[in-house]
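*Asks:* Build out the structure end to end from the sequences listed, making use of the hints.
Number of protein chains: 2
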Amino acid sequence: MVIKYKLIKESHDSMARLGEITTPHGTFETPVFMAVGTQATVKTLTKEELEAIGSQIILGNAYHLWVAPGHEIVKEAGGLHKFMNWDRAILTDSGGFQVFSLANPKDISEEGVTFKNQKNGDVLFLSPEKSIEIQNALGSDIMMSFDECPPYPSTYDYLKKSVDRTIRWARRGLDAHQNRVTQGLFGIVQGGEHYDLRKHCAEALVAMDFDGYSIGGLSVGEPKTIQNQVLEFTTPLLPKDKPRYLMGVGSPGAILDAVERGIDMFDCVLPTRIARHGTAMTTHGRLIIKNKAFERDFTALDDHCDCYCCKNYTKAYLHHLFKSQEMLVYRLLSIHNVNFLLRLTENIRQAIKEDRFTEFKEKVYREYGLNDSNKDF
Amino acid sequence: MVIKYKLIKESHDSMARLGEITTPHGTFETPVFMAVGTQATVKTLTKEELEAIGSQIILGNAYHLWVAPGHEIVKEAGGLHKFMNWDRAILTDSGGFQVFSLANPKDISEEGVTFKNQKNGDVLFLSPEKSIEIQNALGSDIMMSFDECPPYPSTYDYLKKSVDRTIRWARRGLDAHQNRVTQGLFGIVQGGEHYDLRKHCAEALVAMDFDGYSIGGLSVGEPKTIQNQVLEFTTPLLPKDKPRYLMGVGSPGAILDAVERGIDMFDCVLPTRIARHGTAMTTHGRLIIKNKAFERDFTALDDHCDCYCCKNYTKAYLHHLFKSQEMLVYRLLSIHNVNFLLRLTENIRQAIKEDRFTEFKEKVYREYGLNDSNKDF
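Chains as they are written, first to last, in my numbering: chain Y, 1 to 377; chain W, 1 to 377.
No lab work stands behind these hints, which were simulated from the structure alone.
No copy labels: a pair is met if it fits in one copy or bridges any two.
In silico DSS-like pairs for lysine-lysine, Cα to Cα no more than 25 Å straight-line:
hint, residue 1, residue 2
1, K311, K43
2, K292, K119
3, K311, K75
4, K323, K43
5, K106, K116
6, K116, K292
7, K311, K47
8, K4, K199
9, K43, K290
10, K75, K290
11, K75, K292
12, K75, K119
13, K290, K82
*Replies:* Below, the structure is given as structure tokens:
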């Protein structure tokens, strides 16, 4: 296996687990949060800023990099790490999520998916083989299988057919994979909210012996209770000695709930996206920096935070920058928010180490206001 | 004097001079370039990035800070240095330049200028006293007198009346100045392209004994030959033991021409503004990063540059970021461009030190392509 997972400790009262993942670009502990660098850049941030807050692995999007600058240019540059100046680990998605949000159901065939480039209207075709070709060219440490991500809700019959296709596509991707020494590949477990479909999918993928397993088809609009239920019955279907990745999840509440159910890896655009809209995640919940209340507030964003933003700037200054549409504020809030999730996962790891995860989870829920009807779930 | 100027060396064949300015926030050599931080931020950059490229003094705009967040909020924050997290020197303009670009001639009276806030339509009034009150609240190291900056061209009669008012306003500003121990104040020499008006203005201001002298009313659309001519006859009218500041000038060619005519200080939005439009200043002239030619160019922006951008990123990557409208590129190009002008002025100082300024100027003109019809003059 290119990707090695070491289970370090399990909680006594939940499925929460502490582990360690080794990739060709570094080793890090899990649960881990991965900031998203869609277009070969974690929006507004440099490598040094990501390193300073302890980012060990980031995510790149195969679809976006295929469209621009093109995977061949990234390959010519020496791969995504070199192109974007990042020498720690990179995980790439397969493009499936973007493609299925652009494609019509009728354009999905056994061979692959036909869809339109959102920017210029070009007709494109993505298949398991093409997705792996793109990801091989990008040279990410961890690649994803090309899977179908059906919307929520979908009928049982549709999900059943879709899962079988996702399994066949996973096999085709595995066969197409060219860089087995330097790049790992994860299978993606689909199956909607149905235990039997998730089980069927997981067993078929586990038999193919991937480097790790993702849980897909969640965070697509289903209620929180369903997400938690699916995780509860799906993670036990996965091998203990491989990493488990919940795709597209990154709110503090959802991370805590998923760690409790045995998830190791997370990614989400949330921290950088809400930063650009002027929202900060703080110990005491979300904070909207443009609120008039902060006009003369000369204290830091979060008194429990030691990030670059909180150490050097006041809410009044950030408020002014945001109202003045100054780019610096998007960066400062991005640093803060990504740091917030990296510290959250760091504290989660420490809590698991000391076997007090449940207690820790309840404390964060309380402080962040997650017991209230907080949008951050 | 709050601001001390030490003349270190004069060129044998031009008016170029090497000096040293001491402010309450640090000492630096001149000629010096000041990056512009209009709204309490040098667009896209942090203090650390400015320090890393050797920025010793930056500029803030009294008008913009008066409008947002308001000079009183900045004062409450502990002054502009503290508000924006910058502990080296700051120079503020008087607001005059912005006000005169917004006001109608009929709204200019002896008392001051009435004009509309460009953002919300509020009617505002700025006078010499108000400008100094704002700048005192901001706490800049070097303040500017509130002057009238007439458009080019203006009639001799208008300029004559205007110069007399500028002189009276300079006196009023000096009288209104409250922080004489911590903030210096410059007078601004106006007078259009007329020697007698410039002389009249300079003599009147020198008699008031300001900390330094700015040359205003240039870079407002007049031909290069006129700008150079005005500098040639104006700098000799100013005392040798005080700094001389040419407002709003920052292209490589104009800096070289003005240094040759005895100017010590420069500011301009040019490097950060063109960076946001994807243009880099390089040893070999301007470079437009979106050009298709750079799509697969895996070399640095400028092979003679050791800035953070050039050490870590390729043209192909910058091209991709720019085409993808990723904010990081505006920052990287801003770092590069401000660094370019700081290195240019550093090399100018070294050349004056070794008394080979004229030779150096010709070399830069040749390499940058300034002898051709290059927009950068």
